[in-house]
Structure formats: C-alpha cells, structure tokens
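Single-letter residue listing:
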Amino acid sequence: MRPLLNAWVCTIYAFMYLPVAVIALFSFNNSEMIAFPLQGATLSWYGQVLGDARLLGGLGMTFLIAIPTAVLATILGGASALALTRYRFRGKAAFVALLFLPFAVPKVILAVSWLLVLAELGVAKGLATMVVAQTIVILPFTTMVIASVLVRLDRALEEAAADLGATTLQTFARVLLPLARNGLIAAFFVAFVLSASEYVVTSFVSGRNQPLSILVASDFRFHLSPTLDALATLLVVANLAIVAASELIRWRARGRAVGRT
Amino acid sequence: MERTRRLVIAALTWPVAAALLAFCVAPLLVLFAYSFFRVDFVTIVPDPSLANYIRVASSPTYRGLILRAIESGLLVAAISAVIGYPVAFFIAKRGRNAKSALLTLLLIPLYTGDLVRIFAWRVVLGAQGVLNSFLLWTGLIREPVRALLFSPFATHVVLTYNYLPFMVMGLWLAFEALDDRLIEAAMDLGAGAVARFVRVVLPLTVPGLLAGGLMVFVLVVGDYLTPQLLGGSSGITVISAINDLFGTAFDWPLGSAIAWTLLGLLGLMGAAAAAAMVRSAAARAMTAGG
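Taken in sequence, the protein lines are chains F and P. Sequential numbering from 1 applies to the first sequence in the numbering used here. Sequential numbering from 1001 applies to the second sequence in the numbering used here.
There could be a bad hint or two in this list.
[Stated by the list, open to error] One side of the interface only, derived from the structure: several residues of chain F facing chain P at Cβ under 8 Å:
1) Trp-8
2) Leu-18
3) Ala-79
4) Phe-89
5) Val-96
6) Leu-99
7) Leu-101
8) Ala-104
9) Val-105
10) Ile-109
11) Leu-116
12) Thr-168
13) Arg-221
14) Leu-224
15) Leu-228
16) Leu-235
[Claimed, not checked] Covered, in the sense of this in silico footprint (three residues per stretch, anywhere, with C-beta under 8 Å from a C-beta of chain P), are these stretches of chain F:
17) 22 to 30
18) 33 to 47
19) 191 to 201
20) 205 to 219
[Stated by the list, open to error] Computed Cβ-Cβ distance ranges for the label pairs, DEER-style:
21) Pro-1060/P x Arg-88/F: 20 to 28 Å
22) Lys-125/F x Leu-1265/P: 53 to 61 Å
23) Arg-181/F x Glu-1002/P: 50 to 58 Å
24) His-223/F x Ala-1185/P: 35 to 43 Å
25) Ala-1011/P x Ser-44/F: 51 to 59 Å
26) Lys-92/F x Ala-1276/P: 16 to 24 Å
27) Ile-1044/P x Arg-155/F: 15 to 23 Å
28) Thr-1043/P x Arg-174/F: 55 to 63 Å
29) Ala-156/F x Ala-1185/P: 32 to 40 Å
30) Arg-1146/P x Phe-63/F: 37 to 45 Å
31) Cys-10/F x Arg-1146/P: 25 to 33 Å
32) Gly-91/F x Ala-1051/P: 45 to 53 Å
33) Ser-1049/P x Gln-48/F: 54 to 62 Å
Since the hints were made in silico from the structure, they are not lab data. Ideal Cβ positions, reconstructed from N, Cα and C, are used throughout, including at glycine.
Construct all of the structure, not just a fragment, from the sequences and the given hints.
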C-alpha cells in the first residue's frame, strides 16, 4: 500500500508541474519548433522578449494596477480575517457568504454586470475600474491568507495586553498588528501576483492603457512560438518567486507564533 | 467594554460589506433587473416581462449548454475527488514536517496565470506538440494523436489541472480533523482495511469532499478561457454564450436571463452542499457524543 501511495502522490505533483517544466525546457531550445527532439541550448528567445518595448510599457501599467489593488485587497482582507477569527457576531454567516460571493460567481457574469453598471452610470473604463474589479475578485484570497495566520496566533497575548490595561486600539496596534504583520505582507504579495496575471475580469473593464496580462493575451491565445515560451517562462518565474517569498514569510509568522506560546 | 467590542466589529465588517454590496451585489441586481427587459433593435426597453426566461427554458440550445456546464462541473469534481483523495490523505497523515511545503507546492501552480497555463498546455498537447513529438520520437506512435488538443478531452484534463488544488485543500482540512484513534479503534475491533475505509474514513471526510467538490464545481461551471481555447468546436459553453450576448450578439437582457438562471442553479447546488455538510457534521457530533 505505502509504495503505491507514494508513487501516486509523486505522479500528481509531477502532473501539476508538467506544463511549467515543459515551457521552461523549450524556452531554451534552439529551434523555431516547440517539439522533441531538443536542438541545443540558446538564450536568444529571452533576448527577443526583453528587447520588446511594447511589453515593457505594459509592465509599467501592471504595476500601476497591481499595487493599489494589492493594498486595498490586503486592508479589506485583513479587516474581514480579523472579524472572522476573533469575534462572534450576529450575521456572521451572511458576512462569510458575502465575502465569498465573488469567488463563487463566474467571473464573466461579474464582468458583464459591471459592464451594465458602467454603461448605466456613464463611467469610463480605466485604471480605477480595473483596480476596483480586481480588488473584489482577489478579496476572498487575501482574507484566507491572513486568516490562516491569525488563527495560529495565541489569543493569550491579546488577553494579557487587555488585562494589563491596554485599550482595544493599543492591543491592536502593539500586539496584534506586529504579530500579524507577516500575514499581511504575504497577502499583499499573493494579491499582487493574482492582479498581475488576472485576465478575464480585467479584459472587460480595461481602458486604453492595458496591462501586460491583456497585451500578451492575443499572442498567447492564437500563436505558439519559442519567444512566447520564453515570455511565459519569465512570467511564471516572476509569479512563483513572489509567491514563494510570501510563503516563506507566512511560515516564519507561524514559527514565531508557536515559539512565543 | 461591550460597546467598544461592537464598535470594533462594525469598523472591521462594514467597510468590507459596503464594498461588496456596492461592487458585487448591486451590479448583480442590476443584471437581474435587465433580465426582465427586452431589446428593440439597438435600444434596451425597460418593459418587464418573463419573456427572456421563457426563451432560455424553451431553447434546446441554452438548456443543453446549461446542462453541459453542470455535467462538466460534476465530472471534474468527481475526477479531482478520486485523484486528490490519496494526496490529501498523504499530506495530512504522512506529511510530518513537510506538510506546509507539500501544501505550498500544490498551490503554487495556481499562481501561474490563466493564459500562461493554457499556453503551456497547448504546447504539451498540440499535434506538433511536446507529447506527440515525444511519442513519435520514442516510436510508441506513428501518427500524431490529433484528438489530444481542441477536444473535450483537453478541456477536462486542463480543468482538472486548474482546480485539483481546491479539492485537495478541502479534503486536507477534513483529514486534519479526522482523529486517528477512531481508525485504530476500528482496527482493534477487527475491521479490515476496506471496512475501515468505507465505514470510518470515508464518512468522516464527507464534509471535505463536499467543500472541495463545491469549489471545483462552481469554478468549472464559471471557467471561460479553458473550453474556449482548448475545446475547439466543443468550446462553446453557457459562459461563452453569455459573453457573446453581451458582445457581438447584443442582447443584454437575454444574456442577463441566462446568467441569472445559471446563478440560481449554482445557488441551489451550493445550498444543497451546505445542508449536506451541516447534516454530516451533526451526524459526526452525535456519534462522537454517543
């Protein structure tokens, strides 16, 4: 039984990493064809991607959208995670349902309903609409990331602070916030990555200045080339590096929470 | 003290609730209102009727698309439950120190982005793609297998790939809550491996199956890009139909009616799954108490 189980788990993890590994492998392959057998190594596809001015412009717009989105999603996610993990209150079930509504509703349905409202109110599509739309879609994820850190924090520390005469605000600012800091940073990074790679919702509410994810969309949809392969690999590596950093930060938060109890 | 507590709760929940009500619930309600309107040439006439819902219900095309979305959702939920179950067990019960690392490794592919992921799968599954050229090269096949890409097969493989981590997360939580002593007790009482699984482990992980299954189901039903870009002629889904009605076909009211029919069905499935979860949790509490 046990070798079978181990083999199965390895197979599933291999399946999860197969596409990533394949595009990474062929981004270095010295051939126009993305096919076996391999033809030797080259960096020329990366050279082509990094010399593309259009992509660099899109990258600037991506940062312009992703930073405010990540800040908003982290603040709102932090508030809801705190409410969910620290307090009992009336209407909590309704609050949870509301919070996960953007996760459960198909993105295209959310997007077309925004389209209706924007048309109805005569609001122009642009930076603000993209930030608001992405924040709503990303909020359930930041809430989960922060809540996963908060549930592991020892409540005795907050109670001790309260017993020692700290006000609610002092306890929050001097005990809870420092302890939850790493969770907030992790959530910020996760939100940044989700924002930078979001396509469906963003494409519906984007204006004239488009982020990288929209600029490269038509290429990715209709073409296959080693240059795109190199671009895809760069995007994956950037995303994974940010997520890996945030996970490391989140683990450290756990270690510290446990260490102090 | 009680007053401060209330103030804190209000300060934490109201901004979030207000944002969600304004930017998620309200737009969906506007969509709902539109579903009762009608289109007259190029203008939308607010002349409420159930005509759009009747059109959805009486159209074999739209009924078929909705049915197919639900079938796909159930199928992918079932596949990911079967292949994810041992993985969740392994992480929870055999993971030891590597538990966090295993979970993180499982979730990381979620962050590669929709389009990049689909691009990668096209590279893998295409007629001149990696899998075919690999099989040709090794001599296992003579002709490239064309059915790999642009088929329901490709769509379902990639949908499973996309949403498997959500199923494993749901199941992992259930396995974490599963008390090993119950399995030991069953073993002491002479239950074989099969009996232990069917009568102890499986019933106790039902909430995880339901939670994971519900997440996978709604995500598959709502997936727009995967069928469109990998399904070929099978790529028309209820979601792409809604998208078309809001784009080229310009029939926002009909699109809204299809969208709300789908939301209603998703809501029903969600409510059923939630009720089943509460019931199995109650059953567990009763057995634990008695």
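Original post:
Holds or violated: is the Cβ of Trp-8/F closer than 8 Å to a Cβ in chain P?
Top reply: holds (5 Å)
Handout entry: Interface hint outcome for Phe-89/F [beta carbon to chain P under 8 Å]
Key = holds (5 Å)
Hint status (Cβ of Leu-99/F to nearest Cβ of chain P, threshold 8 Å)
Leu-99/F check passes; min Cβ-Cβ to chain P is 7 Å, inside 8 Å.
- Query: Hey, does the Leu-116/F contact hint survive, CB to chain P under 8 Å?
  - Reply: Hint on Leu-116/F: holds, closest Cβ of chain P at ~5 Å, below 8 Å.
C-beta pair Cys-10/F, Arg-1146/P: status relative to the range 25 to 33 Å that was hinted:
For Arg-1146/P against Cys-10/F, whose Cβ atoms are near 30 Å apart, the range 25 to 33 Å holds.
Go check the region 33 to 47 of chain F versus chain P for me, would you? Three or more residues, Cβ under 8 Å, otherwise it fails. holds (count 5)
- [ ] Double-check Ala-104/F for me: the hint is only fine if its C-beta lies closer than 8 Å to a C-beta in chain P.
- [x] This hint holds: Ala-104/F lies near chain P, its Cβ roughly 5 Å from the closest one there, short of 8 Å.
(message) Let's test the interface hint: is any C-beta of chain P closer than 8 Å to that of Ala-79/F?
(response) Holds, because the Cβ-Cβ distance from Ala-79/F to chain P comes to roughly 4 Å (cut-off 8 Å).
#### Entry: Range hint compliance [Cβ, Pro-1060/P to Arg-88/F, 20 to 28 Å]
violated (50 Å)
Range hint compliance [Cβ, His-223/F to Ala-1185/P, 35 to 43 Å]: violated (60 Å)
Hint says 50 to 58 Å; check whether the CB-CB distance for Arg-181/F and Glu-1002/P agrees.
Hint violated: Cβ distance 29 Å, outside 50 to 58 Å.
**Report entry** Hint check for Ala-1051/P and Gly-91/F - Cβ pair distance inside 45 to 53 Å
**Finding:** Violated, at about 37 Å.
In summary, the structure is inconsistent with hints 5, 21, 22, 23, 24, 27 and 32 from the numbered list given earlier, while agreeing with the others.
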